[in-house]
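Chemist: Going down the list, the protein sequences come from chains A and B.
Under our numbering, the residue at position 124 of the first sequence is numbered 148, and the numbers go up by one with no gaps.
Under our numbering, the residue at position 185 of the second sequence is numbered 571, and the numbers go up by one with no gaps.
Just so you know, these hints were derived from the structure itself, not from any lab.
Keep in mind that the hints are not guaranteed to be accurate.
In the EDC-like style, the derived pairs of lysine to aspartate or glutamate whose C-alpha atoms are separated by at most 16 Å in a straight line are [claimed, not checked]:
1. B:Lys-641 to B:Asp-599
2. A:Lys-430 to A:Asp-406
3. B:Lys-520 to A:Asp-406
4. A:Lys-388 to B:Glu-517
5. A:Lys-152 to A:Asp-79
6. B:Lys-611 to A:Asp-423
7. B:Lys-520 to B:Glu-811
8. B:Lys-754 to B:Asp-680
9. B:Lys-520 to B:Asp-769
Computed footprint of chain A on chain B; a stretch qualifies when at least three of its residues, placed anywhere within it, have a C-beta under 8 Å from a C-beta of chain A [what the hints assert, rightly or not]:
10. 522 to 531
11. 576 to 583
12. 607 to 616
13. 695 to 706
14. 737 to 750
15. 784 to 793
Only a predicted model underlies this, so the values are computations on that prediction, with no experimental measurement involved.
The C-beta atom is built at its ideal place from N, Cα and C for all residues, glycine as well.
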Amino acid sequence: MALSRAGAAHLLRRAAMGGTTAQIDTFVGLTREQAVNRLLNTSGNPSLPGWGRFDSGDRFWVAHEKMIDWWVDRMITAPPSIEEKLTLFLHDHFATGIDKVEDARLMWDQHLLLRQHGQGSFRVLLEKISLGSAMLIYLDNESNVKGAEQENFARELMELFTIGNGRFSERDVVAMAKAWTGHNTVGRTRENNWKYDPTYVFKAAEHNNTTKTLFGIKKNWNALETLDELCFGVKATATSDYIARKMFQFYAHTNPSQAVVDQLAAGFRNSGLNIKELLKSILLHPEFWADSTRYALVKSPVEFMVDNMRRNGLRSDGEHVRWRMEGMGMVLFEPPNVAGWGKNGYWLGTARTWAKSRWTNNLKWGADERGVLQNLDNLSSDQVVNVILTFFSIFEVSDQTRNNMKVLIETTREERPWAMAYEPFAVGMFMPEVQCA
Amino acid sequence: MTDFDFDKLANQMERDPERPLNLMQRRRFLQGALAAGGAAVAVPTMFAEQAAAQAGNDTIFVTVTLAGGNDGLNTVGPFSNGRYRDLRKGLAINPATAHSIGDNLSFHPSMRRTATRYRRGDVAIVRGVGEPLKDHSHFSNLARWQSANPGGQISGTGWVGRWLDGQSNSQFTGLAIGGQGVPLHFRGSSAPVTDLPRGGGSLYGSDRSNQIDQRMYRAIRQMGKESDRGPWVNRVGQVGAQAIDAAQAVAPAFKNELPEDRLIADMVVAARMINLNLGTRALNVWQSGYDTHDNQIGASSGVGDHADLLGELDVALDTFFNTLSAPMAERVIVMLYSEFGRRVEPNGSNGTDHGTANHVFFLGRRVKGGLYGDPPPLNQLDDRGDFQVTVDFRDVYATVVEQGLGGSAASILGQGYATLNLFGESKPAESALSRRAQEIRDRRKEDADDYLLLHTPSF
C-alpha cells in the first residue's frame, strides 16, 4: 500500500521526530515496509561530539544546558530516522536525572550508551545502563553493600526497567538487593585524596556471597545472572510483555489489547530481545496505521518544540530551550523521577498550556521575517487554510479545526489585513492536530 | 525567613565540604542572592479581605503531597526512647535539638514553627496511617492513596476529584499548584481543575485590553468545542480553551514577586489564590525529594536532606498561613501526606528504604489539635522491619469529606468508613498581641535553626 501524505506524516511524527512537508513528501508513494525500512536504516549524523564540546568543569548545570541544546539541534537537523526518537524513549525508560547525579559527564556517558546499544540487544543495554555511573548514583547502588543492603535499584530494576509491578514479591526485592551488593563506584579513596571517583567497580569484599532465593530459585545470585533471569529465564515472558507494551504505547496508542502485546512480545523474545526488531514490528503493525491511532497521542514538549522549530527554521541558539521546556514540564536529562515522564494527559494542563503559548505567541513575531507564510494576498480563505495546514504538515484535519481557521482568517483579513502574516500562524500552532502526534 | 545569605552558604561550604550543595543551591550561590524571602510576600488587599468576609464559611482543603515517602518517624517521633535509638542508630534524631510536644514526642529540629503551631492546638497528628501494603512501589502506593478505592484498587479518578465532581463546575473550585499537571487525587470525571504554573510569567489570555488578542482568544476557544475528532484531540482543544478562560482570573496571584524557593512560592500562590476568593475549595501542592535512600542525615540530626526538606516545609507552611487573609485563614485545613513512611532501621547508605504506616498531619484553626490513631509499636514490626498499619487512610479521608468538606464519604470512597473526630468550628481567633508575642519568641531561636531552604525536587 503506497503511502499518502497523511500516512507519511503520521509515520514521521511517531517513528521519528516529525518532519517538514518537504521531508514527508520524500516518503509519499513508498510502501509501508519501504518507508519503515528507510527510517530503520538511516543513521543520524554518524559523528557524535566528544565530551569537550560540553565540558564546563564543575558547573554541571552549564554543561547540562549545552547538552540539551546540542540534542535538540540534532533532533531538528538529523535526517528522518528512528535514532533520535528511540533515544528519547530509552532515556525516558531508563530515567536518570542530573538533579541527583550532579555530574554532566556521567549523563553524557549514559546518553552515548543509549545510542550505541539502543538498537541492539535489550539485555546488553540493560547491563550497560545498570553498571553505568549515572545509574549507580541515581538509584544508589553505589552504596549497596553486604550487611547494609539498600533496595532502591533492586526494586526499580524489576518494577520499571524489566518486568513491571505485581510480578515480583517483596522477598524478591530483598534477594535482588543482595545480588547487587558490591556493584558500586570506586567512591572516595585515600589514594585519590578523598575525591569522589564515580567509576564502576565490583568490590568482592562488599558482595553478599550467600545463597538467596530469587523468583523461587535458590542459589548464590550475582548481579549479571539476575539480568539473564529477567531477560531470558523465568521472567522472560514478563519482561518481553512489559517492554513490548510500553514501546507500543509510546509509538502507537495507549490501549493495546493483550493479544497485540502477546504477539509483539513473542516476536521480541524470538529475536533475542532485539530492540530494533521490536520497533519494526510495532511500526508495521496494522494498529499502528489505524485511523483511530492518528493523533491518539499528545506530543511531548520536546516533540512539539523540535517539530515546530524545524518548520520555522529555528535552532536552539537564542530559544532558551531549557527554560521553555521546564515550563512545559520536560527538561531533558532531568526527568521528574525514576518512572520518567508520563503520556497524553500528563502533558495537558493549563500551566503547561500557558508555557507553550508563551513560546508560540513569541514565535509569531518573527514569522513574517522568517517568511513562513507568504503571498497569501490573492488566495481565497480556503486556500489560505490549506497553506497553513501544509505548513504544519496536517493532512488529516477535523472539519471543526478547518472551519475555525477559516473564520479567523476571514475576520483577520477584514479587520486587520496586515496581521495575516502572523495571526493565523499563532493560532495555527494551537490547532489540536498540531499538538497531537 | 531572611533573604538569601551568601556568606552563610559560603561558610557552610567551608565547614562541610563533603556535603555537596544541590543543584539549586549552586545555581543560587552563583547568582548571588535570592530575590525575596518567605516573609516579604503578598499582603492581601483590603478588597480581598472584605470579599472573603462575605464569602461564606465553607472549609478550604489543601493537600501537600510529600512525594517520595516521608520519614514520619523522624518527623515526629519518640526521640528519647531507647528502642527508637537502638533501631534508628545513626539516623536517630538528637532529642536535645528537637521540639518537644509532650507525650514523649518531639518534632524534628527543622520543624520549630509547626511545633509551635501544634502547641497552640492547631495541628492534629494521625499515626499509623496506611493500608496493608501490596508492594513498596512509590507509584502504585501513591496511586492507591490518591485513588482511595475499597481494596486499594487504582482508578483514573481520585477522591478529591470525585468530591469536586459534585461541586460547582467552576474551573477554580479545584486548583493544582506547581505546574506539574493535575495529580490523580484531584482528577474527577467532570471537574475542570485548573493547574497553575510555578512562578510567574505572562499567562496567555490574561491581557484583555487588546482587541487583536480577543480575536485569537476566540479562535483558540473555538478549538475546544467538543466534536468527533478523537478523545485526545478533544482534550487538547479543551485545555487550550480552559487556559484562555482562566488566565485573567488567576493572573493577580502572580503579579507580586514570589520567593525563589519552589515550595514556598507554591504555597504563597496557593494562599493568594484562596485570598482571591474565586470559590476555591481544594488545592494541591507538591513537595518532592522525600525518597531518602541516602544522605538522609548529615553531620548532626539538624542537617542533611531530610532536615532540608522539613525545614523548607516548615517555613512554607508558616508563610502560607501568614499570607492568607484573616477570614480565609479561619477556613483552611491543610493535610500533609505521603505514599508511605520509611523502614525503621536505616540501610547502609545513611538513609532508609521504603516503609509502610506513616503520620498524616492536619493544620488549621478548624483542626482539633492533638494525637490520633494508635502509634504502631516499635517492638512489633512486621517481618520486613516495617510498622504495622493501625489506621486505614480511607478513615482519614472519610473524616475530611464528612466533617471538613461536607459530603457523603460512602459515595466518594465507594463504601462507608470509620471517622475520627478531627475537626470542629474555628477556635476563637487569638489576639493580635498574643500572636505578636509568640512571633517574637519564635524569632529569638531563628538563628539557631534557620538554614538554607533550597532544594531541587526529585525522588
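Chemist: Run every hint past the structure and note whether it holds.
Modeler: Hint by hint, here is what the structure shows:
| no. | hint | in the structure |
| --- | --- | --- |
| 1 | B:Lys-641 to B:Asp-599 | violated (20 Å) |
| 2 | A:Lys-430 to A:Asp-406 | holds (7 Å) |
| 3 | B:Lys-520 to A:Asp-406 | violated (58 Å) |
| 4 | A:Lys-388 to B:Glu-517 | violated (52 Å) |
| 5 | A:Lys-152 to A:Asp-79 | violated (23 Å) |
| 6 | B:Lys-611 to A:Asp-423 | holds (12 Å) |
| 7 | B:Lys-520 to B:Glu-811 | violated (38 Å) |
| 8 | B:Lys-754 to B:Asp-680 | violated (36 Å) |
| 9 | B:Lys-520 to B:Asp-769 | holds (14 Å) |
| 10 | 522 to 531 | holds (count 5) |
| 11 | 576 to 583 | holds (count 4) |
| 12 | 607 to 616 | holds (count 7) |
| 13 | 695 to 706 | violated (count 0) |
| 14 | 737 to 750 | holds (count 3) |
| 15 | 784 to 793 | violated (count 0) |
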